[in-house]
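> Here is how the chains run, residue by residue.
There are 4 protein chains.
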Amino acid sequence: MPRTGTDGQHTVVGPGGAGPVGYSLPLSPTGRSAMLTPPPWHFSGEVVMVDYRVDPEAARRFLPPGLEPGADPGAAAAVFATWQWCSQDRAELTDPGHCQFGEFLILLSCEFEGRPMARCPYAWVDQAVPMMRGWVQGMPKQLGVVHQSRPVTVGRAGSRLAPGGRFDGALSVRGRRVVEASVTVERSTDRPPALHDVPLAHTLVFPEWTSSGGGPRPRLVASQVSDVEFSRIWTGSADLKIFQDLEEDFGTLAPLEIGEGHVFSYGETLHGGRLLSD
Amino acid sequence: MPRTGTDGQHTVVGPGGAGPVGYSLPLSPTGRSAMLTPPPWHFSGEVVMVDYRVDPEAARRFLPPGLEPGADPGAAAAVFATWQWCSQDRAELTDPGHCQFGEFLILLSCEFEGRPMARCPYAWVDQAVPMMRGWVQGMPKQLGVVHQSRPVTVGRAGSRLAPGGRFDGALSVRGRRVVEASVTVERSTDRPPALHDVPLAHTLVFPEWTSSGGGPRPRLVASQVSDVEFSRIWTGSADLKIFQDLEEDFGTLAPLEIGEGHVFSYGETLHGGRLLSD
Amino acid sequence: MPRTGTDGQHTVVGPGGAGPVGYSLPLSPTGRSAMLTPPPWHFSGEVVMVDYRVDPEAARRFLPPGLEPGADPGAAAAVFATWQWCSQDRAELTDPGHCQFGEFLILLSCEFEGRPMARCPYAWVDQAVPMMRGWVQGMPKQLGVVHQSRPVTVGRAGSRLAPGGRFDGALSVRGRRVVEASVTVERSTDRPPALHDVPLAHTLVFPEWTSSGGGPRPRLVASQVSDVEFSRIWTGSADLKIFQDLEEDFGTLAPLEIGEGHVFSYGETLHGGRLLSD
Amino acid sequence: MPRTGTDGQHTVVGPGGAGPVGYSLPLSPTGRSAMLTPPPWHFSGEVVMVDYRVDPEAARRFLPPGLEPGADPGAAAAVFATWQWCSQDRAELTDPGHCQFGEFLILLSCEFEGRPMARCPYAWVDQAVPMMRGWVQGMPKQLGVVHQSRPVTVGRAGSRLAPGGRFDGALSVRGRRVVEASVTVERSTDRPPALHDVPLAHTLVFPEWTSSGGGPRPRLVASQVSDVEFSRIWTGSADLKIFQDLEEDFGTLAPLEIGEGHVFSYGETLHGGRLLSD
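Residue numbers (my numbering), protein chains in the order written: chain Z, 1 to 278; chain Y, 1001 to 1278; chain G, 2001 to 2278; chain S, 3001 to 3278.
By construction, these hints were calculated from the structure, which means they are not laboratory data.
Note that the structure is predicted; figures quoted are calculated from it, not measured.
Note that CB positions come from ideal geometry on N, CA and C, so glycine has one too.
Worth double-checking, as some hints may not be accurate.
[To be verified] Just a sample of chain Y residues kept apart from chain Z, beta carbon distances all over 12 Å, derived:
| # | residue |
| --- | --- |
| 1 | Met1035 |
| 2 | Arg1061 |
| 3 | Pro1116 |
| 4 | Gly1155 |
| 5 | Ile1242 |
| 6 | Arg1274 |
[As the list claims (entries may be wrong)] Beta-carbon label-pair distances, calculated as ranges:
| # | chain 1 | residue 1 | chain 2 | residue 2 | range |
| --- | --- | --- | --- | --- | --- |
| 7 | Y | Arg1176 | S | Ala3194 | 42 to 52 Å |
| 8 | Z | Arg115 | S | Ala3254 | 33 to 43 Å |
| 9 | Z | Glu257 | S | Gly3251 | 41 to 51 Å |
| 10 | Y | Arg1176 | S | Gln3088 | 43 to 53 Å |
| 11 | G | Arg2274 | Y | Arg1160 | 51 to 61 Å |
| 12 | S | Glu3248 | Y | Val1228 | 27 to 37 Å |
| 13 | G | Arg2232 | Y | Arg1176 | 30 to 40 Å |
| 14 | S | Asp3197 | Y | Asp1197 | 55 to 65 Å |
| 15 | S | Arg3090 | G | Arg2187 | 21 to 31 Å |
| 16 | G | Asp2227 | S | Ala3091 | 36 to 46 Å |
Chain Z on its own, in the form it takes in the complex (with noise of 0.2 Å):
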């Protein structure tokens, strides 16, 4: 009988059903050493969001075979969020230094087969355990430096969450700013904006280490979260700069026109993936 790790579901088999194991890499005697852990994993999150439009065709290169562009072509978000992140049990919220991490994102609107979803193009992350979790689901995290303000409730070193405060993030990639947003809100609701409200369609996808694989084919999936939680929605007049040195690509997504921003608390629990396409 093979040996497990710590988790039936999601463990890792040596080859010929013995050997060290793991969720993930490093495989070790009873599994402890794996560096992630396996789903659920919780989130509890702070998001400063800028609603913005890019190129329409420029988006669309950006699709692959099964998204469509959808109803809004060429809606995008630029999407700054502060985490704390946990596994099933807990354990890591007693370390800050483990479950903290700041993220950038952006998110394109698309359809699946009629249904909206966003997708991810771009992310950055400045922990390496919310990046390397990234690509188990397809997410395209890199590892960067970000920033985000914080609201304040005492003191005069910040904004309140309240009509005029003024909320800012910035990422910095190899030394190098690459994004600068700022939302000054104005108002509260509670509608959650329109690309935070949307599943995420990645694709699952691993580089092929041997000549003789070929490796697995990309897979179309999309994000299974559930205990989705929003807070209050604070909007207001949003700007937001895409710097243009970091690479072509990229660059193609810069914004055309700058809508609202947002600033609001975010939970969700992320389970897995569902196939969208095989």
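Starting from the known structure of chain Z, arrange chains Y, G and S on it as the hints suggest.
For chains Y, G and S alone, coordinates are given in the frame of chain Z:
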């Protein structure tokens, strides 16, 4: 007439009354290159704090002449804080990577001429500007890696600020864990923790570079703050570990007894220092 | 005909043969956004390495089916290296923040079908690109903080590569010290250290995201390298500390006995992986 | 009799001659907690340096009274260096994460009473100890991210120190690229680059915290070094970009003309400062 920088009161003037200027190094033609802005500086922070007791004799050895152990010798606190700061014009707030920092410090109870004060023998921050600004005040800030739990309002990845909520802090210095603290809050009050509600007494001193100098004498100063603002104080049980392998003197301030922990928001404006002795 | 990226052999093709492409995520219209370039990758490094012995039974528990303990069970090495790397066109070399990284890894002696090889149960690097590239190879690289002495040729702040020269390495993971090594060199030879002169046998495996999947079976591979180049090998006495508080499985590989240490420069080109089993 | 720390000459004495001591903050019972050790400090470094010319009038505005533009007004240099340092007892060398740092600085040619010197208007390092030690000397070091090519002796991932070898440096400050330099070496000589072979003239000044103070007057000092050692100097063509978006005064020192570049190793011992004026 001497050239001055952007702030008449605080400008450094070059020798002989000309040349580059600035509140601090680097001096430059307009003074705008200075690493530090002049006070006042505003601060808004989230605090996780643990009361504890050290060997009173160990604490006494950290008090300079003029400061006495006071009514409760051996009373100490370990304080984690996540700050935003800004200068008088609040310009830094639009750059979240610049206006935020994490801090850990130790406070020892003491008295100056019968008045309760606190002495900070050790402090670490994770940004260069607040480190250098600490030395301007006589506060012995060094660079470390500081992490602290963030209360959440949605989702499962963190604790609410409510009975049973747990909040952790961790400090690493040069790749080694130095402090871990944990507070499980049980009730809220309006009473600020004792050691966070008294003036800090620092020693102004800076190494003298020229042998002919000898340098200015160390001077005991109290920080001058205004606009102090506390949120409700969440209080409960606490844990605190101070690891012994950083350095011998630091190790003498390890906890003999651990008291309550506190979680709260705090704001203040820091204006300058008042000489306690000369 | 499917669209391809910049490299015919290594391009990922979108599902159905269209859409964004790339050797790795992120996929983009031209493939230029991919975080990873395809092999071959060139490496030039400075190595500080300590031979040591672990409990042979502990080592055996890290070997997957197909690998045997071999002629010298319990032989191990702790390897610090400061690398530069580049792709075939050497473009990364003009960006020193991109082409440099530090690494620490543990090697265990083993055999595949009677042929001496090395198994790497744990590795840490300080950059995201080599971490992710490790997982492409089946090498369990995580992110850590790695420091290593640099030999000097002038001045007093360091050792020459000469008898009596001392060279240290240190690894910290998540704010805790995990490994410290020290080598004092005594003589130079042309004989490469045994565990640095055999192929590495890794396990290709990646977490499966969809429940319908099950995922590809783990596969045992050997790295294919060419253009191996060693400098003179400086050898001498060594010290090695593996701290026990990282994680239980890691702790089973602590040294029972410490052998010689080696300091040398090493170059290789990495081309891909060859399946050892399927 | 006053208590003293570990070094009689450099010890800070508490006000009134008792209490905690140290060469610098933090003061502690034995003086061992001090962030800085007293000089002499030894340095061994690898340098990538580009000669260039700035607007002579812009350079003049950075010179304090007492320093004159000298024989070659507008001569400047951009210097990247990878350092190891240690105190007199060389204890720091066993901790490679502590004794290493990267540095970028700008040098302007000048004269004091007819003697050629260099003025450093801007400098960045990537560690806190050398930053603070810079301010002790009057050298305006701030914290930045510095990267620099490493010459290689084996493998293809880097250049040899030989004709045609290319060596790059890059500085980022607060997430923005500020300087990029590149040197392609062509020949080696024994003649040190002019601006790296003259004394540095700094201004000792530190912000005054108490309104009653006024603070010590700025003082012009020359660094006192011994045991200067150069390797062969590799010289060739160079490129240099100084980006304009850091800050206005810094931008005035952008290159009007780019000269030769140099790659070499350099060692020195720094003892203290000699007053040039008082």
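> Could you run down the list of hints and mark each one as holding or not?
Taking the hints in turn, this is what the structure says about them:
Against the 12 Å criterion, Met1035(Y) stays outside the reach of chain Z, whose nearest CB is about 18 Å from its own CB. Against the 12 Å criterion, Arg1061(Y) stays outside the reach of chain Z, whose nearest CB is about 32 Å from its own CB. No Cβ of chain Z approaches the Cβ of Pro1116(Y) within 12 Å, the least distance being about 23 Å, so the stated non-interface status holds. Non-interface call for Gly1155(Y) relative to chain Z: violated, since the shortest CB-CB distance, roughly 2 Å, does not exceed 12 Å.
The claim that Ile1242(Y) is not at the interface with chain Z holds, since no C-beta of that chain comes within 12 Å of its own (minimum 17 Å). Against chain Z, the non-interface label of Arg1274(Y) holds: every CB pair exceeds 12 Å, the least being about 21 Å. Our hint of 42 to 52 Å for Arg1176(Y) and Ala3194(S) holds, since their Cβ atoms are close to 43 Å apart. Between Arg115(Z) and Ala3254(S) the beta carbon distance is about 53 Å. The supplied range of 33 to 43 Å is therefore violated.
Glu257(Z) and Gly3251(S) have their C-beta atoms about 32 Å apart, which leaves the hinted 41 to 51 Å range violated. For Arg1176(Y) and Gln3088(S), the Cβ-Cβ distance of about 25 Å falls outside the hinted range of 43 to 53 Å, so the restraint is violated. At roughly 54 Å, the beta-carbon separation of Arg2274(G) and Arg1160(Y) lies within the given 51 to 61 Å, and the hint holds. Distance hint check for Glu3248(S) and Val1228(Y): the Cβ-Cβ separation is about 36 Å, which falls inside the suggested range of 27 to 37 Å.
Checked against the given bound of 30 to 40 Å, the beta carbons of Arg2232(G) and Arg1176(Y), roughly 34 Å apart, stay inside it. As the Cβ distance of Asp3197(S) to Asp1197(Y) is approximately 57 Å, the hint placing it in 55 to 65 Å holds. The given range of 21 to 31 Å is respected by Arg3090(S) and Arg2187(G), whose C-beta atoms sit roughly 23 Å from each other. For Asp2227(G) and Ala3091(S), the Cβ-Cβ distance of about 40 Å falls inside the hinted range of 36 to 46 Å, so the restraint holds.
When held up to the earlier numbered hints, the structure conflicts with 4, 8, 9, 10 and fits the remainder.
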